[in-house]
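> Taken in order, these protein sequences are the chains called A and B.
For the first sequence, the tail end lands on 114 under the working numbering, and the numbers increase by one without skipping.
For the second sequence, the tail end lands on 111 under the working numbering, and the numbers increase by one without skipping.
The set of hints was computed from the structure by calculation and includes no laboratory data.
Hints may be right or wrong, so weigh each one.
What follows is a set of in silico ranges between Cβ atoms, one per label pair, in the way DEER data are often shown [what the hints assert, rightly or not]:
| no. | chain 1 | residue 1 | chain 2 | residue 2 | range |
| --- | --- | --- | --- | --- | --- |
| 1 | A | S67 | B | N22 | 37 to 43 Å |
| 2 | B | P111 | A | T77 | 42 to 48 Å |
| 3 | A | P8 | B | L75 | 34 to 40 Å |
A few chain B residues that face chain A, going by a derived Cβ cut-off under 7 Å, partial list only [unchecked claim]:
| no. | residue |
| --- | --- |
| 4 | N31 |
| 5 | G42 |
| 6 | H45 |
| 7 | F88 |
| 8 | Y92 |
| 9 | Y96 |
| 10 | Q97 |
| 11 | G102 |
| 12 | T103 |
| 13 | G104 |
Okay, derived cross-link-like pairs now, DMTMM-like style, lysine to aspartate or glutamate, Cα gap no bigger than 25 Å in a straight line [unchecked claim]:
| no. | chain 1 | residue 1 | chain 2 | residue 2 |
| --- | --- | --- | --- | --- |
| 14 | B | K69 | B | D7 |
| 15 | B | K98 | A | E62 |
| 16 | B | K98 | A | D100 |
| 17 | B | K70 | A | D59 |
| 18 | B | K98 | A | D54 |
| 19 | A | K57 | A | E72 |
| 20 | B | K98 | A | D59 |
| 21 | B | K56 | A | E102 |
| 22 | B | K106 | B | D83 |
The model shown is predicted, which means the values in this text are computed figures rather than measured ones.
Just so it is clear, CB atoms sit at the ideal spot from N, CA and C, and this is done for glycine as well.
Here are the chains, one letter per residue:
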Amino acid sequence: DGGITQSPKYLFRKEGQNVTLSCEQNLNHDAMYWYRQDPGQGLRLIYYSQIVNDFQKGDIAEGYSVSREKKESFPLTVTSAQKNPTAFYLCASSKQGSTDYEQYFGPGTRLTVT
Amino acid sequence: SQQGEEDPQALSIQEGENATMNCSYKTSINNLQWYRQNSGRGLVHLILIRSNEREKHSGRLRVTLDTSKKSSSLLITASRAADTASYFCASYSGGYQKVTFGTGTKLQVIP
Chain A
1 DGGITQSPKY LFRKEGQNVT LSCEQNLNHD AMYWYRQDPG QGLRLIYYSQ IVNDFQKGDI
61 AEGYSVSREK KESFPLTVTS AQKNPTAFYL CASSKQGSTD YEQYFGPGTR LTVT
Chain B
1 SQQGEEDPQA LSIQEGENAT MNCSYKTSIN NLQWYRQNSG RGLVHLILIR SNEREKHSGR
61 LRVTLDTSKK SSSLLITASR AADTASYFCA SYSGGYQKVT FGTGTKLQVI P
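Bound-form chain B, shown alone (with noise of 0.2 Å):
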């Protein structure tokens, strides 16, 4: 399957400030996962947000969802170094046998 896309590559930010990555992908879904990779280590899972809804918060996390123009973002409030990490979407049309990964955003927190 073809890779989804994520904007930008990049990121760098200062401790505190709020950061944005976002995400599109091209086939119709059932719901779409955000993970944090940190630097050669496994994924972590972060948050699921299903088709049918629109918005989602975990703490810090805030993902959005429009299905009308196939994206999503994934904003992080107030950063710390610890967000330092690669964040990654992906879209699953069924089951995990489904899926769709972003390329991903390099997120740096600057202390």
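For reference, chain A alone in the conformation it holds in the complex (with noise of 0.2 Å):
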């Protein structure tokens, strides 16, 4: 089955910790997202890519960094300069940046830090 993974579901860390968070899609997509969502709020888009090697800050790219070294990975990394990093973190891909082609999301991980 095609889609994009996201791992893990749940992750909690010490306050002062980066940590990784992991979004793969086997879809052949060529556009990955990084977006944040707080309790009763919607998304906000944190850095995107639209091809491997290159990649740009969204509206909330403080405190965070991505890498996108092969087409299928776009890893997030939260570090410890992101004032308030507790959050719902959800992955997602499209077939080109364009929004006429549709965006698959993945399950998400729900980051707590202490």
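Using the hints, build the complex out of the two chains.
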């Protein structure tokens, strides 16, 4: 089955630690995205990548970093510089960056930092 | 970017009834999409409506768009218990990098 996987489903970290969230897709999509969702809120774009080895900041990139070394993979690192990292993180992909192509979402990772 | 707004924030209806939820956005758009999110899960794409369209149907879903009022509505007809979820609108002023999500409507369909 084609799709997007995110791991782990739940992640707990101590304040001051960096943590990396995994996102893998086997849909052969060029574009990938990371969103953050806070309780009772819509999604906000953290980073996006239109193609391998290229990525751009979204609306709330501060305290986050990404890499795109392979087409299938777009890991997100939440650094200790992120002031309020506890949230639900969603990864998505689309065939290209145009909204003419449907966006597919992974199941999400819930990060709790204490 | 600022969040779009949806209303109502929560809606509870009986199975078989229709559910209507509304979305407002702030900037000019290329298109608007509606998504469903089951509790604690990822989003599922429901329907896309372009800025030059006024109404679109997909199965039991009907979406309208009024660009003069910067608003859209999603109607789910003959609701089922399985429709229980949160529904989000997302307005796009370019590609997927130019997006504003609404705050969502939490729909509960009572069997």
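> Under the criterion that the straight-line Cα-Cα distance not exceed 25 Å, is the pair K57/A, E72/A satisfied?
holds, 19 Å
> May I ask you to test the interface hint for G42/B with respect to chain A, counting a Cβ-Cβ separation under 7 Å as satisfied?
holds, 4 Å
> Does the interface hint hold: is Y92/B within less than 7 Å of chain A, judged Cβ to Cβ?
holds, 5 Å
> May I ask you to test the hint 34 to 40 Å on the CB atoms belonging to P8/A and L75/B?
For L75/B against P8/A, whose Cβ atoms are near 38 Å apart, the range 34 to 40 Å holds.
> Hinted pair, alpha-carbon criterion (25 Å max): K98/B, D54/A. Please report holds or violated.
Between K98/B and D54/A the Cα gap is close to 17 Å, so the pair holds against 25 Å.
> Verify the interface restraint on Y96/B: the C-beta must sit less than 7 Å from at least one C-beta of chain A.
holds, 6 Å
> Holds or violated: is the Cβ of G102/B closer than 7 Å to a Cβ in chain A?
Cβ of G102/B sits 5 Å from chain A, so the hint holds.
> Can you confirm whether the C-alpha distance between K98/B and D59/A stays at or below 25 Å?
The hint holds at about 9 Å.
> Decide if the proposed pair is consistent with the structure: K69/B and D7/B, CA atoms, cutoff 25 Å inclusive.
Judged against 25 Å, a Cα distance of about 15 Å means the pair holds.
> Hint F88/B vs chain A: min CB-CB distance below 7 Å?
holds, 6 Å
> Take the shortest C-beta to C-beta distance between H45/B and chain A; is it under 7 Å?
This interface hint holds because 5 Å falls under the 7 Å limit.
> For the pair we were handed, K56/B and E102/A, check the Cα-Cα distance against 25 Å.
holds, 16 Å
Checked against the numbered hints listed earlier, the structure breaks none of them; every hint is satisfied.
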